[in-house]
Amino acid sequence: MGLFSKIKNMFKGYDEEEVVEEEKIETEEDEEVEESTEEVEKEEIAIEDSQESVEIENEDDSEEEEIPQETVEKEEIVEEKPQKKEKKKLFKKKDKESEEKKSVKIYEKGLTKSRQGFVSKLANLTTKYNKVTEEYFEELEEILIMADIGVNTVMDFMDRLRDRVKKENIEDPELLKEIIVDELFIIYVNDEVLSNKINYNENDVSVILFIGVNGVGKTTTIAKIANKLKDEGKKVLMVGADTFRAGAVEQLREWSEKVGVGFFGKEDSDPASVVYDGITMAKDEDYDVVLVDTAGRLQNKVNLMKELEKMNKVIDSLVDGGACETLLVLDATTGQNGISQANAFKEITNITGIVLTKLDGTAKGGIVLAIKESVGIPVKYIGLGETKDDLQSFDIEKYIYGLFKDMM
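Quick note on numbering: this note's numbering labels position 223 of the sequence shown as 223, and the sequence is numbered without any gaps.
Everything labelled a hint here was simulated from the structure, so no lab data went into it.
Careful, some of the hints might be misleading.
[To be verified] Pairwise CB distance ranges, derived in the manner of DEER restraints:
1) D163 / S273: 51 to 61 Å
2) K12 / E267: 47 to 57 Å
3) G376 / K113: 37 to 47 Å
4) S120 / D163: 18 to 28 Å
5) M281 / M155: 43 to 53 Å
6) E285 / S5: 43 to 53 Å
7) F137 / K235: 53 to 63 Å
8) E135 / R297: 43 to 53 Å
[Said to hold, decoys possible] In silico lysine to aspartate or glutamate, EDC-like type, Cα no more than 20 Å apart, as pairs:
9) K131 / D159
10) K167 / D182
11) K266 / E250
12) K230 / E202
13) K228 / E325
14) K197 / E325
15) K228 / D270
16) K121 / D172
17) K235 / D277
18) K230 / D288
19) K197 / E397
20) K230 / E135
21) K177 / D406
22) K234 / D284
23) K102 / D389
24) K166 / E134
25) K364 / D204
26) K197 / E232
27) K310 / D320
28) K6 / E141
29) K6 / D270
30) K230 / E285
31) K310 / D270
32) K131 / E142
33) K228 / E309
34) K113 / E142
35) K346 / E309
36) K121 / E135
Everything numeric in this text was worked out from a predicted model, so none of it was measured.
Even glycine gets a Cβ: it sits at the ideal position worked out from N, Cα and C.
Whenever a hint applies, use it, and build me the whole structure from the sequences.
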């Protein structure tokens with residue numbers, strides 16, 4: 001089974017109307033469970049009252065102490081306990097399924113512009129041609145380049161597609177729809193084990209550096225990730241080490257107050273010394289994760305490289321294993337300029353993952369493929385809207401579904 005068919009089957013029935021109906025059913029079931037739980041509690045109270053009554057009567061007449069009565073009562077109580085455990089499991093299962101469906105809907109909604117701009121053109125291409133011709137290939141190539149997938153990536157893709165069409169003797173464009181989707185994401189995966197998971201330090205405080213030019217949504221992204229980690233039960237500290245941009249430290253402080261996490265920062269200070277004091281505070285106060293905002297200037301690579309090297313040396317001296325992640329924040333709406341930024345930052349520091357913001361604001365969703373192909377770094381988060389829930393851990397299968405849903 002191809003990737004296209006696999007995703008199609010995986011998210012079958014995730015249409016909005018069906019999800020709403022399922023949510024109604026879940027609500028009704030939850031109410032039933034709550035009612036049954038109340039009944040169980042009432043029965044237990046009744047059993048306890050009867051036990052007290054039996055104890056009072058037994059004080060007057062010791063001959064009426066019957067072991068069978070106590071045994072029956074104990075059996076009744078024991079039987080109720082497994083029911084409670086089953087209900088807890090039921091709630092957990094439903095919560096997980098509900099969160100998964102919510103995430104899929106966020107992907108679907110956030111990729112609407114890309115789906116309408118890119119995928120609709122692919123669908124129209126299939127309608128326009130009743131046979132695979134060189135004109136078909138040329139028009140397909142243009143659509144893919146316009147989707148910001150990148151010229152080199154598109155050229156490689158077209159070579160693979162032509163070879164496959166020739167070997168399998170494919171003439172019907174309708175048959176190529178699934179193959180196009182499969183081949184595009186084979187390029188993304190490229191036989192690698194890609195992880196969208198954030199690495200955490202198991203032996204010490206986890207330090208995550210955020211880099212990226214000004215205006216890409218770096219500070220907002222840090223706040224959203226801090227909120228996610230807080231919801232997961234982690235104690236989070238934001239550190240404002242972008243002392244170059246006026247107001248950057250204060251902006252991060254305000255976000256920390258909104259989110260409800262810790263903050264450390266100093267205006268007009270050496271960034272490395274801010275990082276040192278911030279991590280020292282985190283270790284003293286038992287924080288789990290430290291999120292470090294860094295300067296966004298890229299005009300002078302040498303100075304920025306030296307600054308990042310100095311920060312990393314400080315982190316290495318304080319934390320066992322050093323920084324566990326260095327995440328590059330890119331604006332999806334800047335297209336190929338974002339890829340240029342990624343290559344520039346890659347030259348001056350070790351990047352472990354990409355955060356792609358504002359993906360909902362572009363019709364060129366193919367930028368995800370271009371970044372992976374051009375830079376060779378996995379996307380770990382994507383921004384699909386303004387709310388905190390719209391920052392999602394990148395999931396290749398949900399991305400495929402959100403982008404190609406109208407073709408499935």
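Okay, the hints, checked on the actual structure:
1. D163 / S273: 51 to 61 Å: holds (57 Å)
2. K12 / E267: 47 to 57 Å: holds (54 Å)
3. G376 / K113: 37 to 47 Å: Once the Cβ atoms are compared, 27 Å apart, the range 37 to 47 Å for K113 and G376 is violated.
4. S120 / D163: 18 to 28 Å: holds (27 Å)
5. M281 / M155: 43 to 53 Å: Given range 43 to 53 Å: holds, Cβ gap about 51 Å.
6. E285 / S5: 43 to 53 Å: Distance hint for E285, S5 holds at roughly 51 Å.
7. F137 / K235: 53 to 63 Å: holds (55 Å)
8. E135 / R297: 43 to 53 Å: The hint (43 to 53 Å, Cβ to Cβ) holds, given that E135 and R297 are roughly 47 Å apart.
9. K131 / D159: holds (18 Å)
10. K167 / D182: Between K167 and D182 the Cα gap is close to 16 Å, so the pair holds against 20 Å.
11. K266 / E250: Cα-Cα ~9 Å, so holds.
12. K230 / E202: holds (17 Å)
13. K228 / E325: holds (16 Å)
14. K197 / E325: With Cα atoms ~10 Å apart, K197 and E325 stay inside 20 Å; holds.
15. K228 / D270: Not satisfied, since the Cα-Cα distance of roughly 29 Å exceeds 20 Å.
16. K121 / D172: Holds, at about 17 Å.
17. K235 / D277: holds (17 Å)
18. K230 / D288: holds (10 Å)
19. K197 / E397: Given that 20 Å is the threshold and the Cα spacing comes to 15 Å, the pair holds.
20. K230 / E135: It is violated: about 53 Å lies between the C-alpha atoms, which goes past 20 Å.
21. K177 / D406: It holds: about 11 Å lies between the C-alpha atoms, which stays within 20 Å.
22. K234 / D284: holds (16 Å)
23. K102 / D389: holds (9 Å)
24. K166 / E134: holds (12 Å)
25. K364 / D204: Given that 20 Å is the threshold and the Cα spacing comes to 40 Å, the pair is violated.
26. K197 / E232: holds (14 Å)
27. K310 / D320: Satisfied, since the Cα-Cα distance of roughly 17 Å is no more than 20 Å.
28. K6 / E141: Given pair K6, E141 is violated - Cα atoms ~25 Å apart, limit 20 Å.
29. K6 / D270: Outside the cut-off at roughly 52 Å; violated.
30. K230 / E285: holds (16 Å)
31. K310 / D270: holds (10 Å)
32. K131 / E142: holds (18 Å)
33. K228 / E309: violated (28 Å)
34. K113 / E142: holds (18 Å)
35. K346 / E309: OK: K346 and E309 at ~13 Å, within 20 Å.
36. K121 / E135: Holds, at roughly 15 Å.
Checked against the numbered hints above, the structure violates hints 3, 15, 20, 25, 28, 29, 33; every other hint is satisfied.
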